[in-house]
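Respectively, the protein sequence lines represent chains A and B. The first sequence lines up with residues 1 to 229 when you count with the working numbering. The second sequence lines up with residues 1 to 959 when you count with the working numbering.
What the hints contain is simulated information worked out from the structure, not anything from laboratory work. Do not take every clue at face value.
A few chain B residues that face chain A, going by a derived Cβ cut-off under 10 Å, partial list only [unchecked claim]:
hint : residue
1    : Lys382
2    : Asn383
3    : Leu586
Quick look at which bits of chain B chain A covers, simulated, 3 or more residues with Cβ under 8 Å [as the list claims (entries may be wrong)]:
hint : region
4    : 150-163
5    : 725-732
6    : 791-804
Here are some of the chain A residues that sit facing chain B, going by a computed Cβ distance under 10 Å [unchecked claim]:
hint : residue
7    : Ile16
8    : Ala20
9    : Val47
10   : Asp95
11   : Gly105
12   : Ser147
13   : Ala148
14   : Asn151
Heads up, the beta-carbon is just placed ideally off N, CA and C, and yes, glycines get one too.
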Amino acid sequence: MQALTPNKAVKLDAKISPAAPAQSGANVKWAVMNDMQIATAFASAEVEQARQKVLGVTDVSCFPRYGFKGPQAAQWAADHELAIPSSPNSWTLSDQKSLVLRLGGSEFLLEDQIGGIVCEKLSSISARVAGVYKVPRADAAFILNGSAALNLFAELCSLDLRPSALLANDVIMTQLAGISAIVIRQTHNGEPVYRIWCDGTYGAYMWETLIEIAVELGGGAVGLASYQQ
Amino acid sequence: MSLRTTKQNGEWLDRTKKINFTFEGEAFIAFEGDTISSALWAAGQKVLGRSFKYHRARGVLSLANHDVNILVTDGMDTNMRADIVLVKDGMVLNAVNTVGGVKKDKNSFIDSISPLLPVGFYYKAFHTPRRFFPFWEKVIRKASGLGIVNFDYPRILKRKLHTHCDVLVIGAGPSGLTAALVAAEAGLEVTIVDENQQAGGSLGYNRGGNVATASQLTDLLAKVAGYSNITMITGAYAAGYYPDHLIPIVAANGITKVRAKTVIVASGAFEQPPVFRYNDLPGVMLGSAAQRLIYRYGVKPFNNGVVVTANDYGYRVALDLLVAGTKVVAVVDLRAEASSMAAELTKRGVKVYPGHCVYEALASSDKSGVRGAIICAYDEQKNVAITTKKITLECDGIAMSAGWAPAGALLYQAGTAMQFDYAVQQFVPNRIPDGIFAAGKVNGIFELEQRINDGRRAANEALRYLGLSAPEVVVEKHVGACPSHPYPMVPHDKGKNFVDFDEDIQIKDFVNAAKEGFDNIELMKRFTTVGMGPSQGKHSNMNAIRILAKIRNLPVEKIGTTTSRPFFHPTPIGHLGGRGFHSHRLTSLHQWHADHGAVFTDIGAWKRAAYYLTAGQTKEDAIQTEAMAVRQTAGIIDGSSFGKIEVHGPDAAEFLERFFTGVYTTQKVGSCRYVMLLDESGVIVDDGIASRLADDLFYLSVGTSNAAAVYREMQRSQQMWQLDLGLVNVTGAFGAINIAGPAAREILATLTDLDLSYESFPISSVRESFVAGVEARLIRVAFVSDVGYELHIPMVQVPQVWQALLDAGKKHGVRPFGSDTQRLLRLEMGHAMPGVDTDGLTNPFEIGAEWALKMTKAYFIGQRSLQILAKKPLRKRLVAFVLAENFKGEMPMDCNLVLEGREILGRVTSIGYSKFINRCIGLAFVTPAKTAIGAQFQIRTDNGSSVTATVVKTPFLKN
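Using the sequences provided together with the hints, build the complete structure.
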């Protein structure tokens, strides 16, 4: 029997961003964050800063996430002292560092921002509760910022995402480039940024698509390190 | 001889920038802003194109994309509409649809045999004798079409964008511009789109010799420019109307889909040609085309012109021709009473002939232009020329103004009910859907002041629709001369009086069509092909309706109009394709597969490893090697693409009971059962495994291709049934690995503390444990091998377990196998796969899956249909078959037919050579008479040979 010989070494012992298959390149720098390999830089800091002004795309799939749904989901959140949005399809911050997205009336997606620990705390709860169903999350997640962000969305999404239509705490569940995605608008360092979540198995496709358009518009990939600054 | 005039106020040219180009090998100079047609006409070129059917010489007709007289190619692109495409420096242009050049087209002889080629002749000819049809087919294919498709055309990205506004105004003429201004004044976001390169519509060229209209337009545009909330898009057309006010705007660089809160259609009207003999000669053009040449491009349409008119518009054209320096020989008016403008023209030396028609345009000796016109009196009651006294006028051009047809395509598409308004002899909107408003000529308003007023009215109505206050605006109904003649046709014994210039359709063609019985407008359209050319009837449909109305002696409104469909103009496929998003899903092992020689295949949305090639291997070698590993030791496959759905809640079992064909309420925790999903007609949709993890939790794994559809159907069913449960689609969150083969248990045992003994963990059971330190759901399956385990683990941790299995199985020679190998392995096991061995009509009885049906249940999806089907005789049945031992002939393929003589008995659904069994094996649908073990049937291969197959039992492994 012939032996299979790998063309290059692939680290299989660490989790890796679902967008990683589309992020190859000699200049890419990697680091492990939240137990997941993530691209921290795609180019020099100066280049990435310039990209961010026009259209920067950052992979933040490594942020911890937690999902749950069910008729008792809102009560369960309250029982765990979780701040939740009062209306469907909106988001809020819990403990200042964790995003809480209410997807429809009875489903929630939580994501710890840098420094957030809500997801980690909830993940340790194993008891099943009637009317509350855990939704395992394996999203690819991205941040878009820069002056041309809406130009990119104009090609990917049929919904109006301008600030006049996508209000500060709105959650949009829509199709981006033909696949289901969640979009919100946040403020980071005083600048508006857009957040995108999609099924992780579409992560590489979404990354390729975002970068292809971003480059055409004068932006490009930005590593997580630049976003953290 | 140059026909370029001095600079015109408001012209679209930059005369400081000269452009060099060639047409048909001859060099020309144009100005920036010229279209190809305007530049050639300015240079005195008259024959610019050849007609589609008869190859007649053609020149400018509308200069507005309402006809396709002039289609050119630049070698890369083809069928470029020269009337509107801007000429660029260095262009090398040629007319399309010619043999030997546009001036000496060798196919122009067809015109002389045109009596042999009436409309519909091809429906009747060529059918007999049948043996000659291949010959005629070649001839017809060669003659059909216009330009030649360039198969090397590069892929040029044409973006498809989405945008939003409060008010979308279609048409930037005086009505549209006014509407936009009113809406913008109210603070709304307005987008206004116009297909012309510059805004203004007819206000820019319909001057009637009065330069004041130019400054009126300038003022209007200046006001529009002062509003930052108005987005002006020119050189782009509103291509269609879709629900909820979605309008695609097509520009050269792509499509913008505009979603508007309200839409104002101010799209104007198409000028319609009067119909007389040789009305298609180069030099015979619409009056508005002459005006466009003059005021947009500074080109004199001709030197000595005749204006044939049937409304007051022709008089304005005559005045404009005088401005351009054309000597207007005469104005010939079909109407008995001349316009009030006749006096001014007479004063300026223009002879006016009321109650006359152009009976015939006279062609120059080489038929490349006009040398004169024969006019005579016209009987408006009978719509015939009175030829007793003919007058011949010498001229080199004829301008035609007979009336208008509304550019109402988008209104029709939106569902507007139109009515025929006799005051303007035009279809006008009667009932318009909510949120859509019409203004200007398309609304039957022709007088300039009232068009502006109508734009204001429409905008105010739009404001009120959006909840804003706005006053009522009264628009005066049309008074005075009718802008359109009710029947501007002049019959001629010798014909060649063209109605549709795209398809060379004459009046007699309609008469003949009616005689054949095609006297309904939709049937007549298809028989004559009127309106079916690239112009889509813009210059011909209204006249066709009038002709049919006369033939049938019915009022025009009883004839009706043909159906308007998007797109408004033919639109390149590249525009429709846009960027071409091809979404695809990758498993977390994708990179590993790629690095290890995987050849990927698309299954549903997924890229799956089909097999792994090593140096020197063929695909067949690779598959057989992988399959042998599974049979002899063990193999692992990345099954992360399987659909995976959790059903939580007290009613989970009840839900499955209704959703699938089997029984689940009695299923024990820790056990697995087969699930089969049918549609309401009893057709197999998908199958899979239901693993009961708790009383109130089932974990479903279903096929890769149908997972999304299955989940959607589950959601839909739950909406109806309202059971106490929750559905969670974990397809992307969980990955899966299947380890199969005689060594599978031993390998897996090294990575888990779970008791894998057959007694503790029998087939069709599920356990939750850890594998290689990763929390996993283990399902004991026998899909590709009697010994097999599906390991369901978080997607991001699949690579970790995969590597652990490879490491643990190294001494056994474990190797990965792909989905193509999986298909062979399950075939060896005799398992039918939905979507492969079934199609969109297959029911469970036909694949022998009666065992999976619990017909005594109260309900399951498709049950009622199965009860009906069960009483009917089977029409086909899936059987397992083998080919002869050591078969060496042409290998049949999936979907090859099973035949008996010329009768089709069925088809092969799966076939392959199994090295392990050393036999060609397969599954096929056959008639019930051929299902007995040992029965034989014939398979016809791709090369036409017949191969004998013998029905056997499954699984093949035990045969």
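Against chain B, run the beta carbon of A/Val47 and see if the smallest gap drops under 10 Å. Since the shortest Cβ distance to chain B is 24 Å, the answer is violated.
Verify the coverage statement for the region 150-163 of chain B against chain A, using a C-beta to C-beta distance below 8 Å and requiring 3 or more qualifying residues. holds (count 5)
Hint validity - A/Ile16 Cβ closer than 10 Å to any chain B Cβ: 7 Å, holds
Chain B contact restraint for A/Ala148 - C-beta distance below 10 Å: 13 Å, violated
So, as I understand it, the hint says A/Asp95 touches chain B; can you test that by seeing if any CB pair is closer than 10 Å? Constraint on A/Asp95 not satisfied, violated at 25 Å.
Quick one: see if chain A covers the region 791-804 of chain B, three-plus residues with Cβ-Cβ under 8 Å. Coverage by chain A holds here, the residue count being 8 at a Cβ distance below 8 Å.
Double-check A/Asn151 for me: the hint is only fine if its C-beta lies closer than 10 Å to a C-beta in chain B. 8 Å, holds
Classify the hint on A/Ala20 as holds or violated, based on whether any CB of chain B lies nearer than 10 Å to its CB. Holds - the Cβ of A/Ala20 comes within 10 Å of chain B, reaching about 7 Å at its closest.
With chain A as the partner, please determine if B/Asn383 meets the hint condition of a C-beta pair closer than 10 Å. 51 Å, violated
Could you check if A/Gly105 really has its C-beta closer than 10 Å to a C-beta on chain B? 13 Å, violated
Assertion that chain A covers the region 725-732 of chain B - criterion: three or more residues, beta-carbon distance below 8 Å: holds (count 5)
Would the hint on B/Leu586 be counted as holding, given a Cβ-Cβ threshold of 10 Å to chain A? It holds, given that the least Cβ distance between B/Leu586 and chain A is near 5 Å, below 10 Å.
Comparing the model with each earlier hint shows violations of hints 1, 2, 9, 10, 11, 12 and 13; every other hint is respected.
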